[in-house]
Amino acid sequence: MDDLRLIERAVDMNETKISANGVQVYYGDNHAIKDVNVEIADKTVTAFIGPSGCGKSTFLRCLNRMNDTISVARVEGDIRIDGEDIYDKRVDPVQLRAKVGMVFQKPNPFPKSIYDNVAYGPKIHGLARNKAELDEIVERALRRAALWNEAKDRLQEPGTGLSGGQQQRLCIARAVATEPEVLLMDEPCSALDPIATAQVEELIDELRQSYSVVIVTHSMQQAARVSQMTAFFHLGNLVEYDETGTIFTNPSDPRTESYISGRIG
Amino acid sequence: MALSWLFGLLVLIAVAGFFAGRSKSVASAGGDARGLHSRPNYYGWHVALNALVPALLLLVLWLLIQPFVLNRAVMPMLSSVDVNDRGTMSLVLSDVRRVAEGIDIAITEGAISPDEARDIQADVMDVRARLAEVGVALGSDVSIETLSAAQRYRALAYTGTSVMTILVLIVSLVGGVIAYRLVRPDFRSRNVVEFGVRMLLLSAASIAILTTVGIVLSLVFNTVEFFRLYPATDFFFGLNWAPSFSGRGGASELGILPLLWGTLYISVVALAVAVPIGLFSAIYLSEYATKRVRSIVKPMIEVLAGIPTIVYGLFALLTVGPVLVSAFGEGGVLGVSWMGGGTAVMTAGLVMGIMLIPFVSSLSDDIINAVPQSMRDGSLGLGATRSETVRQVVLPAALPGIVGAILLAASRAIGETMIVVLGAGAAARLSMNPFDAMTTITAKIVSQLTGDADFSSPEALVAFSLGMTLFVITLGLNVFALWIVRRYREQYE
Amino acid sequence: MTDTTPLDAAPAGKPTKSILVEDERTRARNRAEARFRAYGIAAIAIAATFLVILLATIVVRGVPAFTQTYMTLDVTLEANALDPNGTGDRDEIAKVTTFGYQPLIGQALVSLLEEQRIETPLPPPALILMLSQSAPAVLRDAVLDDPSLIGQTVTFELLTSSRADGYFKGRVTRESLARDRNLGPPHLDILDQLAESGHVERRFNLDFITGSDASESRPESAGIGVSMIGSFFMMLVVLFLSLPIGVAASIYLEEFAPQNRFTDFIEVNISNLAAVPSIVFGILGLAIFIQVMHLPQSAPLVGGLVLTLMTLPTIIISTRASLKSVPPSIREAALGVGASKMQTVFHHVLPLAMPGILTGTIIGLAQALGETAPLLLIGMVGFIASNYPAGVAEGFLDPNSAMPAQIYEWAKRADPAYYERAWGGIIVLLVFLMSMNLLAILLRRRFERRW
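Chains as they are written, first to last, in the numbering used here: chain D, 1 to 265; chain S, 1 to 493; chain X, 1 to 451.
Check before you lean on any hint, since a few could be wrong.
[As the list claims (entries may be wrong)] Result set (DSSO-like, lysine-lysine): computed pairs, CA atoms no more than 27 angstroms apart in a straight line:
#: 1; chain 1: X; residue 1: LYS169; chain 2: X; residue 2: LYS324
#: 2; chain 1: D; residue 1: LYS131; chain 2: D; residue 2: LYS106
#: 3; chain 1: D; residue 1: LYS152; chain 2: D; residue 2: LYS106
#: 4; chain 1: X; residue 1: LYS341; chain 2: D; residue 2: LYS131
#: 5; chain 1: X; residue 1: LYS324; chain 2: S; residue 2: LYS298
#: 6; chain 1: D; residue 1: LYS106; chain 2: D; residue 2: LYS123
#: 7; chain 1: D; residue 1: LYS112; chain 2: D; residue 2: LYS152
#: 8; chain 1: X; residue 1: LYS17; chain 2: D; residue 2: LYS43
#: 9; chain 1: D; residue 1: LYS112; chain 2: D; residue 2: LYS123
#: 10; chain 1: D; residue 1: LYS34; chain 2: D; residue 2: LYS123
#: 11; chain 1: X; residue 1: LYS17; chain 2: D; residue 2: LYS123
#: 12; chain 1: D; residue 1: LYS43; chain 2: D; residue 2: LYS106
#: 13; chain 1: D; residue 1: LYS89; chain 2: X; residue 2: LYS17
#: 14; chain 1: X; residue 1: LYS324; chain 2: X; residue 2: LYS341
#: 15; chain 1: D; residue 1: LYS89; chain 2: D; residue 2: LYS112
#: 16; chain 1: S; residue 1: LYS291; chain 2: D; residue 2: LYS89
#: 17; chain 1: D; residue 1: LYS152; chain 2: D; residue 2: LYS123
[What the hints assert, rightly or not] With the C-beta cut set under 8 angstroms, the calculated list includes, among others, these residues of chain D facing chain S:
#: 18; residue: ARG97
#: 19; residue: ALA98
#: 20; residue: GLY101
#: 21; residue: TYR115
#: 22; residue: GLY121
#: 23; residue: TRP148
#: 24; residue: PRO158
#: 25; residue: GLY164
None of these hints come from the bench; they were simulated from the model.
Since the model is a prediction, treat every value here as computed from it, not as a measurement.
Where a beta carbon is used, it is the ideal one built from N, C-alpha and C, also for glycine.
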């Protein structure tokens, strides 16, 4: 644990962006998430940690209703963004997902050019009125994903031709381009080498200034490095949710302690 | 009958060899099979295979070669036929064969005694009538020359068969005895038998090559023959298809272009029906349908694939054709008279399209499913709707594979026979009207080879050149399509 | 990280939209979504409609072939017409051809009409046209079977002619008969009245399923039975050649073949043969089996050989798939206790793969059973399959037709009565195909193993 850089970060109490109350998720007969209550703050990086299969990814996918695409999944309870229930009948998941972007575990660039990858979201959501605006959006997104310098001369080359770390940053640029308010990241670095991981982590820390970022990770070190708030999931339960510093230095639940110290997981 | 006796005898020798080899092996190990290198049965098999396989090979080879040798032997006797006129020669030779076989049948039926058969004179006896009595029909009266050739053929065939029988039996016995003498406790019979079995397996696998070789040879030889009688340029660039029915006149015009046009036109219509329907069903099934819907609809579409083409042909001829005529024909519902008869490009194309729906849909289904789920998640996670995901991410990613599938479907359409034979019409025509009757390469292969035309006339031989063209086109399409699909699959593996 | 990241670049003044309210653009996009989805449903609906129309057409137009109109007729087999010398000798009686029986039927019809008090302007020779041309032959066969019938009055169930039959099935109407030389409205009047009195009746016709093909002018007595036997013998050839050869080839390629050019060449050949048009196999059969090897034309043996070559790729592909699905652990276990590679394959892998192999073989056979095109080229059409083969050897070697070829033959004949036969033949063919596929599905269900 000594190598953890637990820098004292200022966790200014931002306003709540997402609040979840009594969330239950079932996969067929399997009760995957049991009664989770959590409040996620704006302009903060929140990390979900826990052993594999603990439900952290499942819960993340509830936040932008990606679970809708799995026919056997069933979500109960109440999840609100800016006070609006996202499981309300009137909500169109398409609009929700424009607001809550997502980056996945494996870099998944579309088999299109780098430019078209980034422009995809703005195009379908109609964010640009003309080509110049679209160019501007693409450039801004690529800059924000720290990919502009590497990609500006090869915008028309296929996105699949980039290296793994670049691909993941391209996916982040793609998510950022739609100007979401929340960015969900499902183990964004698990397929990357240490150098690429460091780049993405640095990027996450910077994104915090504009968005509420929720990151799922199996690496405690990563959670400690990038997040201000940390939630520990175990067997579908939210065991403990607190400031990252507190979770790693002074956990209140014995299960959290066991996990942090490597006895379970 | 003699052949089945010979075969039975061979099997008998092999079975005897099996038991002999088996018991000798046990005896040689002092009654304890554990002292042997291999299990006793392997020694038995070793003897049996040695007795059977070489003898059978000899038998098959002999049977294949004997007719050629016999033909060569009697050919000089047919002085009235020009040796270079292969067509007539093969006709006369087949007459000779039929007479020879007919006399043999007459003898076994007791209609002619063997002595009588030896002394038949064509000018004294009406051979044709006598043979007709025992059920051997001949096309023309038997000339003296043919009869004497037939007699010679019979004599040679008799000698040949006798020599073959004796040789085959000797080979079988010698093989069995040699194998039997090899049986000793330390003889590695299992390895030898396994090598033998492996060779058998290999030869079974090689049948695929033999088939291809057979196809290519039968097409090439006859095509070359055709081009000796009919100029190749006229065949490939001729705009007219008008075979003369009188038989061997030079008046036939055998240009492939009208047939090729009909083939392609019908295929295009078929694809225009099958590709949108097949592709959209595949998209719906893989992207929208619930498991339950999928489990009902998929087998339902596959039923269409299990229906034989003759059924589609009949459907085109008797149902779709008349329906189309009642709509587009003279006095039809639509008041246009575009269609003269029930058989037309549209009729065949429409029905062929129905036939191809399951083909396109199941291939596209596989290909769409091969697009990784992460691609869809990425798009949906950005707030794209399902249709946007399909149109802008899944389909572009699957495009090469889908193109491959469409090419495979096109090759199917080009090679399809029964639907066009029954539904497309018989007239070769270069027309743009899809309601005209046109004909295709496959339909003409059938009509040129099922008539009474003599197989050495250009009118019949042209079918082989048509077949060659068809083979080359479909093979090219398939190889290209499979190459595309394979490259596509490798991309996502 | 050399980029400078302008953090102030966040879109200025982008209003936070409520997700509870659907904006105009989303509505439009959802409409597009619904349209796209509707295209998919429409495509499936069209495919389903085609299937339903196809099956309905087959049933509606084919089922009438299984019934036929019969007339019950008391015929007096007069001795002075059939056996004038009273010999009772069968050879003597056989000298009277079917032509000699026609007047007897004519008389029988006249007396039937008198008995029923039906008036008609037609003379007896015209009355006979109501009955099938096969009717005199039926009488003659009965007499030759039992010469003692001569002199008696015997009740016969005789087929009516195809036009009369068509009238009862609705295929033939009074209008369509106006220009027919054989049957006219007066005949129909008689038939109507006879139907009322129960002398003319439509009933199940087993002869369609078991009977033989008939000449062009007697569609009412044509059956598919003989060509069914032809198909049966062909399938025997296909089964006994393609199963062992296909399995042997698959075992070689899957278990023994070294990675080399030759193996690749075999593989390429197999995958290409699977896509060669079936008509090309017909050309192969014609050129190699008939022209070069001089096997008999139109024989089920040749048909079977051609279909074997055609189905082999299918069977090899499915057999290899089922061999592949046997997990390597089974092979390792057998090799581990000292079995040879050959023993491993034949004792363990092959038995485990057998259900899959059989399923694939049945499906391959079903494909071969419905195949028509190659049979056209080796002469299995244009041949009237009128006799059952005398024995097994004849079954393989004597000219015969096959079910799909017979259907094609009927479809080409001019008399529309034969179309009904063709549709009926399709029902018989489809029943066979369906049972084979059902068997394959059951086999798969029963023995399917998940490793």
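(message) Against the 27 angstroms threshold, does the CA-CA distance of LYS34/D and LYS123/D hold or violate the hint?
(response) The given pair, whose Cα atoms are some 38 angstroms apart, is violated under the 27 angstroms limit.
(request) Tell me if GLY121/D is really an interface residue toward chain S, meaning its C-beta lies closer than 8 angstroms to one of theirs. (result) holds (4 angstroms)
(request) For the pair supplied as a hint, LYS106/D and LYS123/D, confirm whether the alpha-carbon distance does not exceed 27 angstroms. (result) Distance of about 24 angstroms is within 27 angstroms: holds.
(request) Compare the distance between the alpha carbons of LYS17/X and LYS43/D with 27 angstroms, and conclude whether the hinted pair is satisfied. (result) This hinted pair holds, its Cα atoms lying about 18 angstroms apart.
(request) Sort out whether LYS106/D lies within 27 angstroms of LYS131/D, counting only the CA atoms. (result) violated (30 angstroms)
(message) Need the status of pair LYS89/D, LYS17/X: alpha-carbon distance at most 27 angstroms?
(response) holds (17 angstroms)
(message) Quick check on ARG97/D please, does its C-beta sit within 8 angstroms of some C-beta on chain S?
(response) holds (4 angstroms)
(request) Take a quick look at whether LYS43/D and LYS106/D sit within 27 angstroms of each other, Cα to Cα. (result) holds (25 angstroms)
(message) The hint names ALA98/D as touching chain S; please verify it with the least Cβ-Cβ distance against 8 angstroms.
(response) holds (4 angstroms)
(request) Decide if the proposed pair is consistent with the structure: LYS324/X and LYS298/S, CA atoms, cutoff 27 angstroms inclusive. (result) Satisfied, since the Cα-Cα distance of roughly 25 angstroms is no more than 27 angstroms.
(message) Holds or violated: LYS89/D and LYS112/D, Cα atoms, limit 27 angstroms.
(response) Given that 27 angstroms is the threshold and the Cα spacing comes to 35 angstroms, the pair is violated.
(request) Quickly compare the C-alpha distance for LYS341/X and LYS131/D to 27 angstroms and report which way the hint goes. (result) Given that 27 angstroms is the threshold and the Cα spacing comes to 66 angstroms, the pair is violated.
Checked against the numbered hints listed earlier, the structure breaks hints 1, 2, 4, 10, 15, 21, 23, 24 and 25; every other hint is satisfied.
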